[in-house]
Amino acid sequence: MSDKAPRLSDPGLPEHVHRKADSDPAAAKKAERQVAILFTLSALGTILFIYSYIWVHTDRFIFIPIMGDQNASQLGMGIGLTFSLLFIGMGAIHWAKTLMPDNEVVAERHEFRSEEADRQDFVATVKEQGAASGLGRRSLIKRSLGLSLGLIGLSPLLLLRDLGPLPKKSLEQTSWKTGTRLVIDPSGRPIKPSDLEVGAVAQVLPELAPGQERTLENVGKDAVLLIRLRPEEFELSPERLSWTYQGIIAFSKICTHMGCAVALYEQQTKHLLCPCHQSTFDVPRAAKVIFGPAARPLPQLAITVDSEGYLVAQKPFTEAVGPSFWERSS
Amino acid sequence: MKRLSRYRRHRFAGPVLLVFALFMIGTTFSVASANTRLAASVMSRTAAIDEGRQIFLKGCSSCHGLNAEGGKIAPSLIGVGAAAVDFQVGTGRMPMADMSVQAARKKPAYNPDQVAALAAYVASLAPGPAIPDQQVLYYERDGSTAQGGELFRTNCAMCHNFAGQGGALSRGKYAPTLMKATPTQIYEAMITGPQSMPKFGDKIITPSEKLDIIKWIKAAQNEPSLGGASMGRVGPVTEGLLGWILGLGLLVGIAVWLATKAR
Amino acid sequence: MSSGEKVAGSVANYVDERTGAAKWLKKNLTKVFPDHWSFMLGEIALYSFIILLLTGTFLTFWFDPSQREVIYHGSYLPLNGIHMSAAYDSTLHISFDVRGGLLMRQIHHWAALLFMSSIVAHMLRVFFTGAFRKPREFNWIIGIGLLTLGIVEGFLGYSLPDDLLSGTGIRIAEAIIQAIPIVGSYLSFFAFGGPFPGTSFIPRIFTVHVLLLPGIFLALITVHLMLVWYQKHTQYPGPGRTEKNVIGYPLMPVYMAKAGGFFFVVFGITAFLGAVASINPIWLYGPYTPGQISAGSQPDWYMGWLDGLVRMAPPIETHAFHHTISWNILIPGVIVPGIFFTFLALYPFIESWMSNDKREHHLLDRPRNAPNRTALGAFGITFMLVTLANGGNDLIATHFSLSINQITWMSRIGILVLPPLAFFVTKRLCLSLQRADRELVLHGKETGRLVLLPHGEFVEVHEPLTDAEAWTLTQHEQLPALELPEVDAHGVRRPGGLRNRFRTKVSRSNAEAIAKPKPDDLKEIEHH
Chain A
1 MSDKAPRLSD PGLPEHVHRK ADSDPAAAKK AERQVAILFT LSALGTILFI YSYIWVHTDR
61 FIFIPIMGDQ NASQLGMGIG LTFSLLFIGM GAIHWAKTLM PDNEVVAERH EFRSEEADRQ
121 DFVATVKEQG AASGLGRRSL IKRSLGLSLG LIGLSPLLLL RDLGPLPKKS LEQTSWKTGT
181 RLVIDPSGRP IKPSDLEVGA VAQVLPELAP GQERTLENVG KDAVLLIRLR PEEFELSPER
241 LSWTYQGIIA FSKICTHMGC AVALYEQQTK HLLCPCHQST FDVPRAAKVI FGPAARPLPQ
301 LAITVDSEGY LVAQKPFTEA VGPSFWERSS
Chain B
1 MKRLSRYRRH RFAGPVLLVF ALFMIGTTFS VASANTRLAA SVMSRTAAID EGRQIFLKGC
61 SSCHGLNAEG GKIAPSLIGV GAAAVDFQVG TGRMPMADMS VQAARKKPAY NPDQVAALAA
121 YVASLAPGPA IPDQQVLYYE RDGSTAQGGE LFRTNCAMCH NFAGQGGALS RGKYAPTLMK
181 ATPTQIYEAM ITGPQSMPKF GDKIITPSEK LDIIKWIKAA QNEPSLGGAS MGRVGPVTEG
241 LLGWILGLGL LVGIAVWLAT KAR
Chain C
1 MSSGEKVAGS VANYVDERTG AAKWLKKNLT KVFPDHWSFM LGEIALYSFI ILLLTGTFLT
61 FWFDPSQREV IYHGSYLPLN GIHMSAAYDS TLHISFDVRG GLLMRQIHHW AALLFMSSIV
121 AHMLRVFFTG AFRKPREFNW IIGIGLLTLG IVEGFLGYSL PDDLLSGTGI RIAEAIIQAI
181 PIVGSYLSFF AFGGPFPGTS FIPRIFTVHV LLLPGIFLAL ITVHLMLVWY QKHTQYPGPG
241 RTEKNVIGYP LMPVYMAKAG GFFFVVFGIT AFLGAVASIN PIWLYGPYTP GQISAGSQPD
301 WYMGWLDGLV RMAPPIETHA FHHTISWNIL IPGVIVPGIF FTFLALYPFI ESWMSNDKRE
361 HHLLDRPRNA PNRTALGAFG ITFMLVTLAN GGNDLIATHF SLSINQITWM SRIGILVLPP
421 LAFFVTKRLC LSLQRADREL VLHGKETGRL VLLPHGEFVE VHEPLTDAEA WTLTQHEQLP
481 ALELPEVDAH GVRRPGGLRN RFRTKVSRSN AEAIAKPKPD DLKEIEHH
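Residue numbers (my numbering), protein chains in the order written: chain A, 1 to 330; chain B, 1 to 263; chain C, 1 to 528.
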């Protein structure tokens, strides 16, 4: 398929226009000097870099307008490196543009398709050599080779098996158990209900047993946000209401969408906002999703107080915390 | 004098005189107001409460009610304490300029004495958080920047950003930048929970932890731009913009120069 | 013969006797490269890659890819005594206790951003000028491969320092892996060596970042360049330029000096950015822990569009038979990007299917002369811009006093409305530009000079175009649309009726054009 319509005539490559430097020795000399200046600037840049590296103390700061207080050593090295690199390049380009031959050259293209004879020869060779191997005739070899090639990919795949353990039930479990105290992150102090005023929040984690250490894997599932409202502000089912204590409600801080820490609590609207993708949860209505891509409310942790009056978990989370996964049942 | 009077009819004479006159008025006024400040410091407590009540009735009661009991558009101020008043009025957030979603920091409408009087009045209504004493705020001596950073990242960074530059909340609300906040204001904000901000009582973040946070914020305010212009400290968005505009822009500019035929 | 020439001569002789390189070099040293600024975009990407290799190697001398917990006691005091991973600690060490370390880190990161933006700019140039057409389809696909791998490589590099921002990014990546139906949680446990975040991930992605992916890059870039070399560069249309020739400057010395010089320019500009503009200030972010987060957590721009898509996704999950499918993650995180990149990779074949054009093309198109393609490009760019803007919706909200919720809703509507609108407008615009070209060729340039005719009428003097200008505006081909009749010559219904009808329709839209002037039209004008 091609366009057969008649076209205007191609006037051909325009005549070469000579540069000043081609005919005027003074212009050529000037261009040479310009190139030399650029290369010299590059050399000066390297000297600035060396000077800044060795003699400018890393604690020195200088004030540069717009940029603010700048580390003198870092800035000196950076600007030195910039000069040394940029001006070598600019010099070389300027040299090429002004002093190297600028006659445009025409080269011919050739079609990539091979000659017909070559193509036929090729096909014949493949057929002939293929037949010589006997692959077509010896079906037993063909099939067993197919089998071995088909299976060989399994070994490297299997080798990757020990990259990690199987998830089993671990995505559904956290460290929260019946009676685990809530302690403040990062100080680790237990909390009494009276510590939280209405409108207050606390970032909490489960209390560690003696000798136990907290890993980031734990934090990634255990982090909880404690919020105190006026009890009459709740719009909860009786069961969920029994999970709160004197207006204090606890939610998993790990977003049900992609696992970011949902900790932006807006005290007046009582909304929780995730800063990653702006999922918004309504706290009085059991963290119901009211905006954004999250599809599930934040899991609620049932809380009460222990005999000493500290806040504790009534029971573990009743559902998996964090983002969804295939095996998640609800 | 003769030399001066020569310029009497100069076309700039009017404006120059006007500026001079304004300058004189301003100077006189500031001297006078310095006097009142002196007077205020000796004013008795009840007098301050009375003055505060007068200011309240004039400037605040239309929204907050004649007895600060709150109204349809404004919350009750009974029990919010002096700290809340000092924060809201001292940062210019109150009185609000318009009914937007959030009161913004602006030039305070009242001078420090008037703020103190208002605070005294509101504090007299019911007990509430007091303005932190200067004695409390020895954050330079008592605080730890690194601990403060840890506490800040756990309790504050989710709204105010990792460097205290502020961030967006839902429906047009925002957590303001902390770059202008004073230690007293930071302390007051934590104990009173202004607007969208939750409260951080002394059992959740202890007074000494609060000083850590204040010390860290003060360090963040003075953080030098290590590694070059900081571009707002808001993360990769401005970096990407600069990469495209300045980085690729410069390179394309040089490429155009490279490909142009020399004359 | 000078002594220098003698030495060079004997070295060349030694090498040639063993390789026969002289014959190949003789031919290739005079190889012709056409000159145009837009042909340098790919070079920016190539040179950024070399800069990344150099600076990256420097960084590995100190970087400790380990999630072992350490306590910081370096010279950045605001983090003194804080628990962190060895990866974060060593990145702080590079930044503050190795002279020039911060500069190298910043050059590395800026070069990565430039690598990605120049790849995208290069790809857009290739797309809009039709340089992907036969025989260059392979190179187009390799290019798409490099773009995709570049996104992955960049993300891994951004994740290595284990700061609060990059850790949040890894958390999101983990959620995407976990959302894959059936095998998701297994893949996640394999990738992280157990539950998130574990202590295996950073050492693993370090190897991928510094060994596996750079190796693949090197191989793909080599093939990419060899194909450019072998197939010779495309050129813009103009007088004397045909499908059968290539006009430009010889490799030695002009192109060598220009390209070599340009490498230093690219390195210089990245060094400049590294010197004056802070990038990824990890010491401000703090070390990663899953319980902390910063407002305005964003990825680098080449991931920003994905984040923007995720932010506007509808909150849909399917719960059935005790299993969950997270459409709110799969649609924006896997399905839409998958469709986008597949379409991109297949586009050369789609276009040749539409036009039924199976010939080689070495002359580039002016974008207006391929309205359908240009409009598709505008569609893609608009799509990306909407997603990118939504990826920064929180910053837009705070800086322009808007509401995130409104911006998100505007993006949700915009992503459906704006790209088709851009397609439509661009196509019309291209056709208008074609019309303007036609006018220009037929009636010449407006000079602004008015002439009063004897009978009192004013007319503007039009200056005819030069032959070269007229040729440049009319040299392109205008292929007719494909007609696939439903019945063949014998009146028998052809198979695949619906498919043929669709193809005819698409082809017609693809071939839409304003007829360019023919020689006869010009002659007619002259007679007037």
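Simulated from the structure, these hints should not be mistaken for laboratory data.
Each residue gets a CB set at the ideal place from its N, CA and C atoms; glycine is no exception.
Errors might be hidden in some of the hints.
If you only want the chain A side, here are some residues facing chain B, beta carbon under 10 Å, derived [stated by the list, open to error]:
id, residue
1, Pro-284
2, Lys-288
3, Val-289
4, Ile-290
Some chain C residues flagged as far from chain A (calculated, every beta-carbon gap over 10 Å) [said to hold, decoys possible]:
id, residue
5, Asp-16
6, Pro-78
7, Leu-102
8, Ala-179
9, Gly-194
10, Val-246
11, Val-265
12, Ser-294
13, His-462
14, Pro-480
Each hint, compared with the structure:
Interface restraint check for Pro-284(A): the shortest CB-CB distance to chain B comes to about 15 Å, outside 10 Å, so the restraint is violated. Using the Cβ-Cβ criterion of 10 Å, the hint placing Lys-288(A) at the interface with chain B is not satisfied: the shortest such distance is roughly 14 Å. Against a cut-off of 10 Å between C-beta atoms, the interface hint on Val-289(A) is violated, since the closest Cβ of chain B lies about 12 Å away. With a cut of 10 Å, the hint placing Ile-290(A) at the interface with chain B holds, because the nearest CB-to-CB distance is about 9 Å.
The Cβ of Asp-16(C) sits about 24 Å from the closest Cβ of chain A, beyond the 10 Å cut-off, so the non-interface label holds. Consistency note on Pro-78(C): stated as away from chain A, and its beta-carbon is indeed over 10 Å from all of that chain's, at 15 Å minimum. The beta carbon of Leu-102(C) is not kept farther than 10 Å from every beta carbon of chain A, the shortest such distance being approximately 6 Å. Not every C-beta of chain A lies more than 10 Å from that of Ala-179(C), the closest at about 6 Å, which undercuts listing it as non-interface.
Here Gly-194(C) does not stay apart from chain A, with its beta-carbon only about 5 Å from theirs, under the 10 Å limit. A beta-carbon of chain A is positioned within 10 Å of the beta-carbon of Val-246(C); the least distance is around 5 Å. With 10 Å as the threshold on Cβ separation, the claim that Val-265(C) sits away from chain A is violated: the shortest Cβ distance comes to roughly 4 Å. A beta-carbon of chain A is positioned within 10 Å of the beta-carbon of Ser-294(C); the least distance is around 7 Å.
With a cut of 10 Å on Cβ distances, His-462(C) stays outside the contact zone with chain A, its closest approach being about 18 Å. For Pro-480(C), the non-interface assignment is contradicted: its Cβ lies about 8 Å from the closest Cβ of chain A, within the 10 Å cut-off.
Checked against the numbered hints above, the structure breaks hints 1, 2, 3, 7, 8, 9, 10, 11, 12 and 14 and satisfies the rest.
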